[in-house]
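**Student:** These protein sequence lines are chains A and B, in that order.
All letters in the first sequence, in the order written, are residues 15 to 391 by the working numbering.
All letters in the second sequence, in the order written, are residues 2 to 327 by the working numbering.
None of these hints come from the bench; they were simulated from the model.
All values derive from a computational prediction rather than experimental measurement.
Hints are supplied without guarantee of correctness; some may be wrong.
What the hints assert, rightly or not - Below, a sample of chain A positions facing chain B; criterion: calculated Cβ distance under 8 Å:
id, residue
1, R173
2, M216
3, R376
What the hints assert, rightly or not - Keeping only pairs whose Cα atoms sit at most 30 Å apart, straight-line, the calculated DSSO-like set for lysine-lysine is:
id, chain 1, residue 1, chain 2, residue 2
4, A, K169, B, K309
5, A, K35, B, K309
6, A, K281, A, K254
All residues carry an ideal CB built from backbone N, CA and C; glycine is no exception.
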Amino acid sequence: MKKYKMCMIPASPLENVQLLKDRVLLPYVCYRLFGESFSIVTQSTGDYPYLSYLEGTDFISLPEEQPHMEAAVSYVSGHSQDIDLLFLFGARGEYMELAHTYKSLRPDGVIYLKLDTNIDWANAYPLHDQNFSVFLEDCDIISCETRKLQSFLYKKWLRPVEYIPNGVWYPLYPEAGDVQFADKENMILTVGRLGTAQKNSMMLLYAYALAFPSLKEPWELVMTGSVTPEFQAEYDRFCKEFPPLAPHIHLTGHISDKQTLYQYYKKARIFALPSRGEGGSPNVFSEAAIFGCTVLTTGVDAAPDMTDNGRVGRISPDPEDVKGFSKELLSLCQDPDYLARNFHEIRSYMRAYFDYERLAGRLRSLVELQSLKRRRS
Amino acid sequence: MRIITTDTCVSLEEDGQVFTLLEKPALPDYSNITKRPYFSVYYSEGETVWERLSCSMAKFADFCRDDPYLGCYGLILRRLYPMLLSDNRAKNLAAYGAGTDCMAYRVIQDFMTFLHTGSALTALAPSPFSLTAVSPGSCAALLYRLDTFPAPAAVCDAINRIKSGGLLLLYTVKETVPADLAALCAKAKKDSFGPCTLYSLTVDEAVMDFAHENGSEAFVLARASEITRRADDLQNLVQAMLADTALPDDAWFIAVTILQQTEELLLSLYDYLENDELPVHANALKEAVLNCYVEMCRPCGLTAFRDKLTQSSELFFTAVEQEFLT
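Turn these sequences into a full structure, and let the hints guide you.
**Tutor:** What follows is the structure, given as structure tokens:
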């Protein structure tokens with residue numbers, strides 16, 4: 015099997031925290047599996063301590079005096095022979111020139127575009143723009159993060175779009191290997207930027223409040239993440255309005271230490287995702303799931319994929335339906351057998367379909383096929 | 002470009018160049034030997050055919066002044082004129098590519114109705130499906146704007162709507178025609194003035210044969226047959242995979258290649274598919290095959306992949322059967 019020289023170029027300067035997210039992790043795992051080399055080409059935004067997790071990565075800083083994309087195009091013009099497989103992230107207009115430059119220099123090379131989109135964004139792509147259409151044609155492999163979106167894009171673009179979800183790179187989570195259901199507590203966990211419109215955190219508070227009187231055992235609600243001032247005020251008001259609940263709801267604030275966060279995943283039996291929308295399956299879902307948390311989510315695009323259509327989790331479709339979410343939450347809290355069984359089911363499901371090493375294995379075959387096609391043409 | 006009409010002549014003019022479209026014919030008096038409306042109208046005291054034609058040309062000049070296809074409309078009416086006057090039967094014409102609100106088509110319709118109240122020019126919506134709504138072999142002529150739909154299959158579909166001996170009028174303001182249509186256009190009479198070109202093709206047996214072979218119906222049938230052939234090959238391969246039959250090393254790769262080709266074939270037929278999820282089903286089967294392959298290379302002891310392969314293949318093959326074989 016051929017080994018590829020791989021390169022990932024973000025559409026805007028990369029931040030340290032993004033090094034351990036899908037835009038870099040999937041290319042990096044591909045490199046580990048079938049790469050000869052792997053470079054990240056970006057303007058620098060500061061220090062990159064997370065690079066220590068990505069052994070073998072060549073970090074190439076673009077010059078600051080030009081705009082990021084202009085510098086990236088110059089880089090590709092001069093180094094196209096060092097790139098057999100180019101990873102792009104997001105169907106962004108900024109990439110049009112870059113992709114075209116690469117393809118004109120390396121018609122035998124392969125471009126993989128990971129869309130990182132949701133249906134609203136996908137509906138707004140400027141398909142009428144000739145340059146954008148050419149950009150999509152330049153991309154040999156395009157993948158999206160949810161099956162719902164895949165079906166939509168097939169109909170809209172009339173071209174193959176692969177389903178490659180946001181997954182997990184297990185070596186980053188050694189703690190997930192030894193987690194036991196017996197170690198878990200009656201804890202409902204949510205993780206995210208609390209108080210933002212997207213995360214819909216208040217809905218979870220009220221759903222918990224509705225379920226609370228019917229709970230046969232006490233359940234704690236732990237809300238982790240940075241808190242907007244508005245949400246803090248709402249939370250304070252909520253605690254005054256429902257004093258018996260206040261001791262059971264915990265705002266931890268932002269947790270930057272991953273080990274501390276993993277302790278919460280280890281303890282939680284239920285992971286709640288009350289979001290109004292997500293671009294694919296969020297990273298926090300994958301993390302919760304590999305620690306064996308049963309996921310309760312709203313009907314975000316990725317909900318059927320995250321729960322295997324409701325088999326390893328529950329979906330309350332309408333993000334504004336507090337009663338519906340509360341009913342599902344209560345039903346989960348009152349079904350310890352399902353939670354215990356699902357602890358294993360969801361972990362197996364994740365191992366089978368969200369493991370980046372497996373996803374990279376599939377991507378490898380797709381790249382081989384494209385590469386062969388390119389060489390033939 | 003301008004249209005100039007005089008008592009005896011209609012012509013196109015641009016940059017000092019002149020192209021004569023029609024001259025008033027000096028007809029003998031046929032009034033003693035026929036009472037057909039054509040001749041009676043022509044010699045009636047009211048408006049004559051020539052006057053009406055001149056008026057129609059003037060309407061082109063008036064309504065389509067800024068239309069780049071103005072010259073084409075003049076050339077079209079020039080070619081239609083003898084056909085419309087050739088006998089006293091009502092004529093059924095269709096026009097494709099300029100939309101349904103093209104003023105020039107209304108002018109031509111008006112002229113046709115003047116000659117025979119039963120004649121009709123149907124302006125079709127700019128969609129391949131609107132052509133299929135016209136009965137095969139039903140049009141005396143079809144006006145086709147090549148620049149809107151340059152695909153050979155669409156042109157052939159248009160030809161299939163024209164009766165034997167009828168006219169296909171392909172018009173364009175582009176300098177060249179698509180390479181796939183060059184041979185067909187070479188058989189046509191070519192009128193050209195300024196940027197406007199009209200190809201007038203009489204639909205004879207050879208043209209009809211060409212159209213049948215290259216029209217979308219033949220295309221769809223050929224693709225459908227390719228898909229079912231590939232599906233058969235795949236079914237055997239997938240069954241062997243599920244039965245743990247020893248397979249050559251490249252069997253998985255072949256299966257994925259076939260599926261990738263099938264996906265592309267299905268997408269090329271997308272507008273005609275009843276089940277619009279079929280290409281996605283093909284992709285899901287490809288994914289399941291690849292997952293099994295990855296599992297074979299890096300076993301993690303899960304049976305989920307085999308179950309998924311069974312499910313995905315059943316879904317895909319059933320859908321193919323329903324779409325193409327029932």
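**Student:** So, for every hint listed, does it hold in this structure?
**Tutor:** Hints and how they fare:
Evaluation of the A/R173 hint against chain B yields a held restraint, the C-beta minimum of about 7 Å falling below 8 Å. Look at A/M216: its Cβ only gets to about 36 Å from chain B, farther than 8 Å, so that hint breaks. For A/R376, the suggested interface contact is upheld, since its CB lies about 4 Å from the closest CB of chain B, less than 8 Å. Of the pairs offered as hints, the one joining A/K169 and B/K309 holds, with about 24 Å between alpha carbons and a cut-off of 30 Å not exceeded.
Pair hint A/K35 plus B/K309 holds up; C-alpha atoms about 28 Å apart against a cutoff of 30 Å. Proximity of A/K281 to A/K254 is assessed by CA-CA distance (about 27 Å); at most 30 Å being required, the pair is judged to hold.
Against the hints set out earlier in the document, a violation occurs for number 2 only.
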